[in-house]
Amino acid sequence: MSACYTPQTYKNDLKPVWCPGCGDFGVLNSLYKALADTKCEPHDTVVVSGIGCSSRLPGYVETYGFNSLHGRALPIATGVKLASPGLNVIAVGGDGDGIAIGGNHFLHTARRNTDLTYIMMDNEIYGLTKGQAAPTTPIGDKTKSTIYGNPEAGVDPCALAISFGASWVARGFSGDVKGTTELMRLAIEHKGFSFLNIISPCVTWRGDDQHKEIRAKVRPLPADHDNNSRESALRLTNENGIVTTGVLYQNSQPTLVDEILDIRWKAQGDKQPPTKKDMLRQFAPAF
Amino acid sequence: MSACYTPQTYKNDLKPVWCPGCGDFGVLNSLYKALADTKCEPHDTVVVSGIGCSSRLPGYVETYGFNSLHGRALPIATGVKLASPGLNVIAVGGDGDGIAIGGNHFLHTARRNTDLTYIMMDNEIYGLTKGQAAPTTPIGDKTKSTIYGNPEAGVDPCALAISFGASWVARGFSGDVKGTTELMRLAIEHKGFSFLNIISPCVTWRGDDQHKEIRAKVRPLPADHDNNSRESALRLTNENGIVTTGVLYQNSQPTLVDEILDIRWKAQGDKQPPTKKDMLRQFAPAF
Amino acid sequence: AVAAGDILSMACARDGLHVIKTEAYGPQIRGGESSCTVRISANDIHAQADLIDALVVFNWADFARFASELTLAPDALILHEANDTPPENLAPQAQVIGVPFTTTARESGAPSGKNILGIGMIAAILGLPIESIRAAIQRRFAKKTAAVIEGNLKVFDKGIELAALVDAPSKKLQYTAGEPRLFMSGNEASAVAAIEAGCRFFAGYPITPSSEILHFLSEWLPRIGGSCLQTEDELAAIGAVVGGSFAGVKSMTATSGPGLSLMSEMLGLASIAEIPAVVVNVQRGGPSTGIPTKSEQSDLMHSVFGGHGDMPRAVISVCDIEDSFHATVDAFNIAEEFQLPVIVLSDQSIGQSKQTLAANVLVHDVVDRRVATPEELKDFKRYLDTPTGISPVSTPGMSGGMFQTNGLEHDEKGRPSAMYSVHERMNEKRYRKLDALAKKYPLFRRYGATKPEVGILCWGSTTGAVREAVDKLSAEGIAVAAFVPRLLMPLPAAEVQAFIDSCREVVITELSYAKQFTQYLRTVVDLPRNHTHVFARSGGKALGVREIIDQVRSVLPKVADVEIPEGVLA
Amino acid sequence: AVAAGDILSMACARDGLHVIKTEAYGPQIRGGESSCTVRISANDIHAQADLIDALVVFNWADFARFASELTLAPDALILHEANDTPPENLAPQAQVIGVPFTTTARESGAPSGKNILGIGMIAAILGLPIESIRAAIQRRFAKKTAAVIEGNLKVFDKGIELAALVDAPSKKLQYTAGEPRLFMSGNEASAVAAIEAGCRFFAGYPITPSSEILHFLSEWLPRIGGSCLQTEDELAAIGAVVGGSFAGVKSMTATSGPGLSLMSEMLGLASIAEIPAVVVNVQRGGPSTGIPTKSEQSDLMHSVFGGHGDMPRAVISVCDIEDSFHATVDAFNIAEEFQLPVIVLSDQSIGQSKQTLAANVLVHDVVDRRVATPEELKDFKRYLDTPTGISPVSTPGMSGGMFQTNGLEHDEKGRPSAMYSVHERMNEKRYRKLDALAKKYPLFRRYGATKPEVGILCWGSTTGAVREAVDKLSAEGIAVAAFVPRLLMPLPAAEVQAFIDSCREVVITELSYAKQFTQYLRTVVDLPRNHTHVFARSGGKALGVREIIDQVRSVLPKVADVEIPEGVLA
Ligand SMILES: Cc1ncc(C[n+]2csc(CCOP(=O)(O)OP(=O)(O)O)c2C)c(N)n1
Ligand SMILES: Cc1ncc(C[n+]2csc(CCOP(=O)(O)OP(=O)(O)O)c2C)c(N)n1
Ligand code: SF4
Ligand code: SF4
Ligand SMILES: [Mg+2]
Ligand SMILES: [Mg+2]
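Top line first, the protein sequences correspond to chains A, B, C and D. Letter by letter, the first sequence follows residues 588 to 874 of my numbering. Letter by letter, the second sequence follows residues 588 to 874 of my numbering. Letter by letter, the third sequence follows residues 7 to 576 of my numbering. Letter by letter, the fourth sequence follows residues 7 to 576 of my numbering.
Honestly, the hints are just simulated from the structure, not real lab data. Take the hints with a grain of salt, since some may be wrong.
Claimed, not checked - Pairs of lysine to aspartate or glutamate residues, derived as DMTMM-like cross-links and limited to a Cα-Cα distance of at most 20 Å, are as follows: (1) Lys602/B to Asp68/C; (2) Lys863/B to Asp173/C; (3) Lys547/D to Glu225/D; (4) Lys602/A to Asp417/D; (5) Lys853/A to Asp728/B; (6) Lys521/D to Glu185/C; (7) Lys864/B to Asp371/C; (8) Lys864/B to Glu185/C; (9) Lys729/B to Asp795/A; (10) Lys387/C to Glu434/C; (11) Lys160/C to Asp728/B; (12) Lys384/C to Asp631/B; (13) Lys853/B to Glu225/C; (14) Lys729/A to Asp813/A; (15) Lys602/A to Glu434/D; (16) Lys853/A to Glu225/D; (17) Lys602/B to Glu39/D; (18) Lys729/B to Asp845/A; (19) Lys387/D to Asp796/A; (20) Lys598/B to Asp371/C; (21) Lys717/B to Glu29/D; (22) Lys384/D to Glu418/D; (23) Lys864/A to Glu225/D; (24) Lys521/C to Glu434/D; (25) Lys435/C to Glu343/C; (26) Lys731/A to Glu225/C; (27) Lys729/B to Glu846/A; (28) Lys150/C to Asp795/A; (29) Lys602/A to Asp556/C; (30) Lys547/C to Glu430/D; (31) Lys387/C to Asp728/B; (32) Lys717/A to Glu29/C; (33) Lys384/C to Asp728/B; (34) Lys521/C to Asp556/C.
Said to hold, decoys possible - Residues from chain C that keep clear of chain A, each with C-beta distances beyond 10 Å, as calculated: (35) Ala48; (36) Ala55; (37) Leu179; (38) Tyr211; (39) Phe386; (40) Ala499.
Keep in mind that this is a model prediction, so the values were computed, not measured. Note that beta-carbon positions come from the ideal geometry of N, C-alpha and C, so glycine has one too.
With these hints in hand, go ahead and build the complete structure from the sequences.
Okay, here's the thing in structure tokens:
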């Protein structure tokens, strides 16, 4: 990997379509910085997203990028990684993309400890479709699809990730570019599935104050937090009135790529790879 | 509800296609008993399933029954309940059906505390398709699709259900018809989303001994277990070498039907329902 | 711009004028460029305007983004922000007038009132109902402070005042005020129709350009004792609809292409289990995510043939905003009577455009499910093989009606069977329903000459433009007619064939690059080999009346050719 | 029964005989009834047997379940469990012999060896290779104790001994042993082909009748440095395939109808983002869950037209077990060269039946992706609009090849655009690839007379039976030919039309109640109005050679009619 990359290296000349003041600008800037900090070789990096305002992000990053289908960023990212394990694979998207339509892939990609980083831009709403409730929208909130107030309790993406078996889980706030950049760096460096939930306000559908309100709620990790314990990590999720940022949970365990390599070893060890003849033998009545 | 129902009431004359010795026979018998114990009016009861050996079950129960699509039992059951809240709705299916292809619906149906009972027949394998690994298959196990050993750690359906926000979570063993019947009764009586994971051996693809092995592992709930605590409940999941049966977790919270009724109240209160004219007013330039 | 369009439209609707309003946006959700076109007429209109008579531009850079979709009339009147110089030759005899919109608005006490200033001028120049516009402005800002309302009214008057400086008498609209009309979008009409049809359960997942249906029903269903569920995805949405309908409640979902693709498998279940289900699919540019904010007619083949297996279903198209109402009620009627899934094919240009409608047109007969009789409930066969293929239904809650169904092939009782004989018989039974359906609902429209030289075949949202083209061409004495099937599956084949056989030249016009409509027609009717002219292009731009006229003209010579030899033979 | 069939087939394969073996099961996974038919011939064969010459029945109740699918030859030889009385008149001159299978087997020291006893008798009576069968039995029980092997061999000899009592010389098979042949299923051939084509990533979700492909590749890919992922569902499977292919590795999934329906949306993404992807779809009875264990040709329309939007894709069909290999390699070649999704349409009767093949036929040229040149990488346009529509590709890891793609409509650089002009141009570009593809791969088969009076059109698994029917009819001096398109999308339209035009009467035969093949043909070719005869029925039962012969015969009179006037005119 070359050592002389700057945030500029990862910028392309496409202007983001985001509304002025959208939290996703902060996420994008943090990503530029984090990629530079981790010296990610642009052409060895793939950013995959689903569909949503946030999922437009790969279009603005000068690496290989794929703004795919609503909810399917993770299966595609998994395919990229398994087919070509040498690549750095980063999946990004929105809370709806990842927890509504994409929820099942979130569960299974985390559970397999798939070697990739998943950044969720969480604005507690469906932005691109103009403001319907997301699974993260707080109970009672009025949205385009819940004018009588959201009947469903919002879920905490970090709590889900931990329960799904993610080996690295953190929360950031797009308003804090420095902190978010640092979390991204750690996420990218983590071996296995790292999940970073970034609170990224939607000024258009959640009101211009969402930014301020969240900033007021943000707290650092308690000094005594043991982030190797699922139980203590879970206690820092679904909190009332405060939002704890930082690395809530991490462990180290074999990753999906480790398993794939292990299977190859079990299958073939250091033996010569089989020939076509070897493969056809089972169909040959040569007894 | 009439009071004179016996297990016979719920039997029809279709012969199950299950292999001799399949655990699902035990589940079916428990269900006949539990329906009688809870005096479920057959014509007010709907049993919905997905696809799998276990999902054949509704075909053998003399109520309204729907053996639907692989993974989709819960959305269909939700539709039945919301459209006609007076019905008793029971969803059943396999571990693959509910956690692989159906995982996302499991998450959201639980999270909404949808008023239905979900019985999962867990054999740690895909039975109907002849023995591939399921998300519940223990790591290392050799199956048709994992001849080098399953690379993925099996998940515990009860742990998932608790993290998903289910308001009632229990585990049973098909070999224990009496215990399972009792758990089914409680599940059906619970207000909200009740999840019952029943270990139901697949003698054909998991070996004839699975039955014995599990019986040896089964344990009752620890006397001091506090099943109102998620934390303690989670400690009784993903256990090594033992399988704790009983009601692991329960709480009482507003259900989806409660919310729907609340929304109707907010929308209309005790006012006369709106007329078509009222509905069209917003389109009329009458100012 | 869009707000001004709303005010103008509502005001004209109040005075009984006919209005069609369309909007266009850039990719940005907020603060991006937007454009709004309003066609106003004293008579019935069926399509958005081909040519723009009067244009108000606040920013030429933004205008450029939409220019390709906006054609100016030769003598267009153009009002633009004075300090933003307009591009060269916008139109030959264009009247281009710079107006200090921003400053004037500020001075008149409504800083953000430049668009109100604009409609003030336009209203005066075109002679639109001033009083109604005033009222509309007041309604629009009702929630704001009195000062705001005052300011905007002042700006409006200022506009009228400035208009005096413009001399364009020719542009005055001649009309006499009539009954107020409703002003609504196709999506709103579909939602209203669902309630009219008796739908009491809606499950959906938001997607552009169909979300307004979810929004409307999530507000109104609870008011009438129904319920609405926003699901986690489209798989769950259509699943819940099938469940709700199985439980005996008319149920619906609404989506667009990507969602419809995801629903393919569940629609197959509804088909084999014979459960009514209504899906309103509001088409957008495809494939994949494509162009979510624009219209196209490229979900046709998937709607009529999509999904694995031999899967009977009905597909009904929407010809215009009013038809969104009728087609949706028809869809419920067909679904309930024939016990199958019905797809309503609308598109963005119908779903999200707004039009004025006479209040009394929003009525349509409603059909209900054929419930099993006590006799039928004895040894009940849910899938009884009847002459029409339609079997008696019971629904949960009905005592004695219990049955167990499934998506496997099954016998009359609904019991799974892998036998060929059962499969063949049940396929026959299920498809027989389509024959009965085709007989009862030969839905189509026909416009123009009875003995056409040129016959146009089209469907859906292009109908309005085709209809106006037929009128214009007929006025020129050209014998042209248009045939528009509304029921697409099963297609009224005999009627379509009869129409084709009655024309010398057949023109097929559609907004699908892959010619989906043409290919579909070929599966059921014969098209004359050298006398069929297909005009198929991508969507993303409305099919214009002049475009259709040119298509027809381009085939006219052939008609002439044909005439000569005939003359000789005679 | 099934085990016996395997032993018999493998043994015959060893002596170079031609074998086709099919199996059928009841709904029960284990301990249920099953049936196995084996057709053995000294010459090339293409379909399973129409008539059964020799039948072994252990339980008449079980036989009854399959009777509708098994037709006995008039002089069938029938061996059955002695103490289970057979039904009346199974066949006119049937030779029905009761054999105490169970007891004899027990006495001969192999309690569960009744099926071995059966093949012992059959082998002796039909004159099958005794020594090879002995070897096959030894191999079969290799993992068991010596005692077990001994017991089974003894039972086998006992069978030969008992056969002496049966007198049926006419049934002896005449042949001379030849080179050993491979014996494999269509699914196995597809899996082998994937590896041959260079596929190194497979993602799939189990589904009958395609799972054998997953099983085979999960065993073999790791051995050659590839990987296999069993995903949580089909949405993830096709997603992972698109991801793997985007990353530059040839990738595939396999499924059946329900899974294919779920993949509709992602296939649209592969189409617009121009990412190669191969899907092997092994058809079963539909719609919905339908009949998972039986064959049908009803996923055709979904394969060629399914998915929202105008979505170019290729579809290639599989004519027989050997063709599973070639079609699958072709699919990869087409996917890589034209950068689009390719669906391989096989079905249960090909995927799960086994046939003998000469080892040397499993070879096929392989094509790779056209990677961007250094020149092209300067100001790289991933979607460069070229004469063929095929653009240069770069894959992650290639320095200087970076691009950002998406499922939105996009320009040559892959940047999202909602402009009509871009949409129209890119649709043109993407569809242009299909023209190039059709030119390069006009894949079809043609059998029979060059100047046919009757021409048969069919596709996929019915090809074998049609081919044998053509041979038999030709032998009778009837001028009949068959045309079988292998590439279904784009269809070799010119060739199909030429064939149609060369026939007096056209017979279309297919296993789809809804006539999917016929309807599809109509979209691209003209079928003579009164000279086209469609024989379409549900799947669930193989199309028999005699059935086809009857279909052709039924249209022959018409040919005669036609001849007379012609004679007069001459
Ligand atoms: C299959 C499918 N269903 C629905 C949609 C419509 N859709 C696009 S983005 C989106 C949700 C956006 O919310 P989120 O994922 O949170 O992203 P955000 O815009 O808030 O950043 C939806 C429902 C779609 N594109 N595809
Ligand atoms: C969409 C779809 N994909 C795949 C299948 C094939 N299939 C049927 S059942 C099943 C899994 C069965 O496992 P499980 O749900 O655990 O039920 P079990 O048979 O073990 O009781 C699969 C993969 C299908 N029917 N539909
Ligand atoms: S709508 Fe919300 S999320 Fe989308 S770009 Fe605007 S501010 Fe950001
Ligand atoms: S395969 Fe397994 S799960 Fe299925 S019926 Fe047999 S024993 Fe039961
Ligand atoms: Mg969001
Ligand atoms: Mg299972």
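Each hint, compared with the structure:
no.: 1; hint: Lys602/B to Asp68/C; result: violated (70 Å)
no.: 2; hint: Lys863/B to Asp173/C; result: violated (46 Å)
no.: 3; hint: Lys547/D to Glu225/D; result: violated (32 Å)
no.: 4; hint: Lys602/A to Asp417/D; result: holds (15 Å)
no.: 5; hint: Lys853/A to Asp728/B; result: holds (14 Å)
no.: 6; hint: Lys521/D to Glu185/C; result: violated (53 Å)
no.: 7; hint: Lys864/B to Asp371/C; result: holds (17 Å)
no.: 8; hint: Lys864/B to Glu185/C; result: holds (16 Å)
no.: 9; hint: Lys729/B to Asp795/A; result: violated (55 Å)
no.: 10; hint: Lys387/C to Glu434/C; result: holds (17 Å)
no.: 11; hint: Lys160/C to Asp728/B; result: violated (80 Å)
no.: 12; hint: Lys384/C to Asp631/B; result: holds (18 Å)
no.: 13; hint: Lys853/B to Glu225/C; result: holds (11 Å)
no.: 14; hint: Lys729/A to Asp813/A; result: violated (37 Å)
no.: 15; hint: Lys602/A to Glu434/D; result: violated (27 Å)
no.: 16; hint: Lys853/A to Glu225/D; result: holds (11 Å)
no.: 17; hint: Lys602/B to Glu39/D; result: holds (14 Å)
no.: 18; hint: Lys729/B to Asp845/A; result: holds (18 Å)
no.: 19; hint: Lys387/D to Asp796/A; result: violated (42 Å)
no.: 20; hint: Lys598/B to Asp371/C; result: violated (42 Å)
no.: 21; hint: Lys717/B to Glu29/D; result: holds (15 Å)
no.: 22; hint: Lys384/D to Glu418/D; result: holds (14 Å)
no.: 23; hint: Lys864/A to Glu225/D; result: holds (16 Å)
no.: 24; hint: Lys521/C to Glu434/D; result: holds (12 Å)
no.: 25; hint: Lys435/C to Glu343/C; result: holds (15 Å)
no.: 26; hint: Lys731/A to Glu225/C; result: holds (9 Å)
no.: 27; hint: Lys729/B to Glu846/A; result: holds (14 Å)
no.: 28; hint: Lys150/C to Asp795/A; result: holds (19 Å)
no.: 29; hint: Lys602/A to Asp556/C; result: violated (39 Å)
no.: 30; hint: Lys547/C to Glu430/D; result: holds (10 Å)
no.: 31; hint: Lys387/C to Asp728/B; result: violated (45 Å)
no.: 32; hint: Lys717/A to Glu29/C; result: holds (15 Å)
no.: 33; hint: Lys384/C to Asp728/B; result: violated (51 Å)
no.: 34; hint: Lys521/C to Asp556/C; result: holds (19 Å)
no.: 35; hint: Ala48; result: holds (35 Å)
no.: 36; hint: Ala55; result: holds (26 Å)
no.: 37; hint: Leu179; result: holds (34 Å)
no.: 38; hint: Tyr211; result: violated (7 Å)
no.: 39; hint: Phe386; result: holds (37 Å)
no.: 40; hint: Ala499; result: holds (36 Å)
Taken one by one, the earlier hints fail for this structure at numbers 1, 2, 3, 6, 9, 11, 14, 15, 19, 20, 29, 31, 33, 38, listed in ascending order.
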